[in-house]
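Engineer: The residues making up each chain are set out below.
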Amino acid sequence: MRYVVRRLGFFALTLWVALTLNFFIPRFMPGNPLDALRARTHDRLSPAALEQMLTSYGFKPHQNIFVQYLEYLRNMFTGHWGISIGATLGEPVSTIVWQALPWTLGLVGVTTVLAFLLGSLIGVVAAWRRGGRLDSVLPPVFVVTSALPYFWVGLMLILVFSVWTHGWLPSDFNYDPDLLPEFSLGFIENVLKHAVLPAATILIASIGAWILTMRNNMITTLAEDYVRMGRAKGLSNHRIMTDYAARNAMLPNLSGFAMSLGFVITGSILVEYVFNYPGLGYQLYNAVQNTDYPLMQALFMLFTVAVLVALLVCDFAIAWLDPRVRATGGR
Amino acid sequence: MTGLLVDTSGRAVTRRRGSGLTAAIRRSRKAQVGLVILLVFCIIAVVPGLFTSVRHPNALQFTPRLGPSGEHWLGTTSLGQDIWAQLVYGTRQSLVIAVVAGLFATVLSVLVGVTAAYLGGLPDDVLSMITSVFLVIPTFPLIIIFATYAGKSTLIVVLIVLVVTGWSYGANQMRAQMLSLRNREFLESARVRGERRTYIIFAEALPTMTSLIVAIFLGAALYSLLTAAGLQFIGLGDPDSSSWGTMLYWSESQSALQTGMPLWSIAPGLCVALLGVSFALINYAFDEISNPALRPVRRRHVKRARVRNT
Amino acid sequence: MSSEPEFEIRDLDVAYTASDGPLLEVLDLRVEYATAGGLVRAVDGVDMEVRKGEFVAVVGESGCGKSTLLFAIARLLSPSAVITGGSVAFRGQNLVTMTDKELNALRWRDYSVVMQSAMNALNPVTTIGAQFKDSIDAHAKWSVAQTAQRCVEVMKLVGIDPIHLNSYPHQLSGGMRQRAMIAMALLFTPDLVIMDEPTSGLDVVAQRLLMVQIKELQQKLGFAVIFVTHDMSLVSHFSDQLLVMYAGQVVEIGPTRAVFDSPSHPYSRGLLDAFPSIRGPRVELTGIAGSPPDLSNPPDGCRFHPRCAFAMAACFTEPPPLYRVGPALSRCHLNAHEPAELPGVPQEHPGIAETMRT
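Residue numbers (our numbering), protein chains in the order written: chain A, 1 to 331; chain B, 332 to 641; chain C, 642 to 999.
Everything labelled a hint here was simulated from the structure, so no lab data went into it. The beta-carbon is built from N, C-alpha and C at its ideal position, and this holds for glycine as well. Any given hint might turn out to be false.
Said to hold, decoys possible - Calculated Cβ distances over 10 Å to all of chain A for the following chain C residues:
{"#": "1", "residue": "775"}
{"#": "2", "residue": "881"}
{"#": "3", "residue": "930"}
{"#": "4", "residue": "968"}
As the list claims (entries may be wrong) - Below, a list of computed lysine to any residue pairs in the SDA-like style, where the Cα atoms sit at most 25 Å apart:
{"#": "5", "chain 1": "C", "residue 1": "797", "chain 2": "A", "residue 2": "133"}
{"#": "6", "chain 1": "C", "residue 1": "742", "chain 2": "A", "residue 2": "133"}
{"#": "7", "chain 1": "C", "residue 1": "797", "chain 2": "C", "residue 2": "742"}
{"#": "8", "chain 1": "C", "residue 1": "774", "chain 2": "A", "residue 2": "133"}
All chains should be built: construct the whole structure from the sequences, respecting the hints.
Structural biologist: Here is the structure:
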């Protein structure tokens with residue numbers, strides 16, 4: 001129980017720090033972006049809309065900064081994220097976000113988890129078959145793939161599977177622009193077709209690291225005494241591999257997964273950019289291009305929340321798997 | 332990401348001091364390949380003039396859209412620049428970013444990690460909290476926002492941002508390592524001798540952690556390289572600079588892949604990948620060296636022992 | 642490498658009432674593994690015999706190969722170490738040439754293993770009970786009730802409250818973990834239990850208690866024990882046979898009283914002298930000078946000669962075979978003329994230096 005409380009506390013604290021950073025950065029940057037904002041929009045938005053937009057990141061120059069801060073926090077939590085001032089001028093940020101969210105969750109979320117699970121599995125098998133053919137080929141290959149830039153892999157896949165094949169696999173968007181979204185087989189098939197290359201990119205670029213760390217952890221675990229005891233007891237190989245070795249080797253891998261999520265998000269933003277895939281990362285890019293501060297802030301907060309939630313889930317998973325963690329109440 | 336090696340009880344695996352280190356490096360094929368690649372890039376970065384006759388790679392001086400030929404090894408861009416020359420001159424910036432950002436991030440990691448572990452108590456809690464916070468804040472969005480707010484993104488801005496967002500991973504590792512070392516006898520004896528804390532940390536503890544520090548550096552360099560390339564790719568770098576990431580930016584904005592100039596995209600990306608791979612290889616070789624269990628095992632096919640029954 | 646002379650090891654003597662053949666017979670066992678420095682012969686031609694119900698102690702410094710010997714017998718070597726010669730006959734069947742499947746049929750039912758540092762030898766993420774159940778399920782088709790009953794039985798046998806079947810290893814004290822491991826080893830009341838330094842890491846009192854308990858269990862259930870340790874005095878009150886190892890070879894072997902009370906090999910004497918007797922007269926504590934040899938390149942002749950106070954000319958060049966010394970065997974040229982004991986050896990154990998002076 002103490003463990004749960006501690007992790008939740010950390011969650012809250014980090015979120016608070018992220019939000020505060022988000023609040024103060026515009027105020028400490030040289031130049032006044034707020035003037036630029038006003039200059040850019042004053043003849044296109046009504047004063048009321050302008051007001052709400054400024055409020056979205058807490059800018060009420062006539063108000064006490066502390067009060068602004070509190071209002072900003074409240075707005076962030078209640079979903080009043082303001083109005084976009086980018087290409088889709090006037091559209092509420094929350095609308096943009098909710099539209100993009102499912103695509104990112106579907107593509108990036110699913111693929112990342114898949115890469116982690118698949119990579120761990122391959123790592124376990126590779127370590128188990130130490131010295132075999134699989135194991136001698138694996139490390140060099142995946143050391144290489146783990147160092148490849150996400151976006152470059154995407155570009156290469158586009159080149160090979162889209163350009164050279166004259167469009168066999170689509171390289172843009174999440175579904176054909178002339179289709180209407182609906183729950184039909186044809187539409188779903190189209191969506192999947194568009195998801196192949198981006199998903200493959202993420203998979204190829206990220207799986208290497210999981211395979212290698214799992215393999216290394218597994219090898220270290222296999223040298224432990226309790227694995228030898230498992231053999232001494234005459235347990236089946238399968239039993240030893242899962243209950244004794246993998247279950248222990250998995251633990252540091254899980255925490256590594258959580259810690260590297262920031263990096264994964266980076267990569268996925270680039271992938272969405274390369275493929276024009278309208279997820280949250282793509283929106284962030286647009287927001288940057290159009291100096292759309294409200295959208296940028298909301299997205300930043302969302303990414304932080306996503307990483308923290310994932311971290312929390314991983315922490316609880318580790319606690320569930322490892323009784324020692326439950327006993328000591330955390331790291 | 333290959334740098335984190337933690338054993339199953341959560342302690343950082345102790346890395347041996349490197350007396351047999353150079354010999355071990357020489358024996359590892361992965362390390363050799365990685366070092367060779369790195370060396371080649373370093374040479375290119377230092378004396379680019381040796382590798383190409385073009386002096387101003389970004390100047391629009393050639394016929395655009397040429398394919399590879401004897402004169403232009405990789406062809407030219409759609410704006411009339413020699414791709415090979417750009418590649419050669421771009422080495423310097425990419426390498427500098429990776430190494431400098433990696434170096435500063437490592438220094439910060441070491442300082443924070445070691446201090447937190449050694450001081451313990453409240454300072455440790457505070458520093459750990461700060462480290463954790465920086466660790467989980469998704470770096471790219473932060474970088475993007477930071478770079479945008481700062482206006483035109485110069486090299487310095489990119490470097491600062493990379494260091495600020497890249498140090499926390501290594502700090503955790505250093506702290507874990509330092510914690511496990513803290514109660515070893517050689518440090519105890521230094522304390523008893525009355526040495527100052529800073530002396531103990533820097534002259535006694537750190538030398539035993541050199542291979543971990545090197546691993547952290549390589550990880551940070553890899554991270555900086557890839558992230559900088561990514562930033563430049565989406566247009567947050569200086570578009571007039573000559574670096575691989577910027578080349579990718581221009582090739583993408585000119586739709587190089589779709590308009591039949593794939594080399595413009597392939598080449599700089601490949602270079603980023605190669606340099607990154609060299610860091611990763613050396614890092615992996617280090618893992619193998621410090622953890623004997625990971626060294627390559629060749630299955631020995633020994634003839635079954637003949638039975639001697641009485 | 643100097644060639645090993647042929648030697649006879651039969652007639653390990655009359656202290657035992659052996660009726661059938663030995664339970665375990667190790668003949669010329671050799672184990673090697675490859676290191677950066679060359680090929681290491683961790684076990685170099687070891688012969689030993691264990692009879693039904695016998696308690697055999699294997700003693701030696703760290704690195705002498707005793708643990709490797711144990712793992713070789715149990716076929717639990719790590720992949721880098723390989724058995725390169727000899728045989729291990731368990732009830733007549735050679736374990737060395739068996740496949741994993743054949744071995745698994747024997748494991749835990751006929752012989753079991755207890756390892757040192759029970760913290761690492763027990764799976765930290767599953768309960769004690771689950772680990773007991775593992776071994777049962779692998780070898781027998783008992784019902785849930787039978788399994789539970791047996792688990793409770795063995796826990797009571799070693800004196801642990803069966804409630805701890807639901808505990809995780811880290812929740813138990815060191816002594817309890819060790820006893821739980823012994824309980825686990827006895828699930829099928831095997832004929833042979835191999836123990837690798839089960840008392841290391843325990844305090845002196847706990848060590849003693851554990852030894853007493855092991856001996857009691859042994860007498861009650863009738864299993865044989867091979868007990869590896871570096872502490873000769875610990876086992877001396879409990880073992881029937883004592884085997885001293887050095888540099889991968891057996892240097893002395895025989896009934897415990899013979900070896901312990903009047904050791905024939907200088908190394909055994911050195912080991913004994915390193916542990917003061919609580920009751921005997923006060924003697925100067927002597928260690929054994931030098932350090933164990935590099936097993937990838939052991940010394941010529943007798944492997945102990947660089948550290949031996951009694952080394953003669955022959956010791957530098959000729960590897961000694963095992964010579965008979967009363968009921969025991971000793972690998973030392975000093976025993977070549979088969980006197981009953983070393984010249985002038987009194988019944989207590991004075992230091993080697995004093996022996997020289999007499």
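Engineer: Look at each hint and say if it fits the structure.
Structural biologist: A quick look at each hint next to the structure:
1. 775: 6 Å, violated
2. 881: Given that every Cβ of chain A is farther than 10 Å from that of residue 881 of chain C, nearest at about 24 Å, it holds.
3. 930: Holds: least Cβ distance 33 Å, greater than 10 Å.
4. 968: 33 Å, holds
5. C/797 x A/133: 48 Å, violated
6. C/742 x A/133: OK: residue 742 of chain C and residue 133 of chain A at ~24 Å, within 25 Å.
7. C/797 x C/742: Not satisfied, since the Cα-Cα distance of roughly 32 Å exceeds 25 Å.
8. C/774 x A/133: Between residue 774 of chain C and residue 133 of chain A the Cα gap is close to 35 Å, so the pair fails against 25 Å, i.e. violated.
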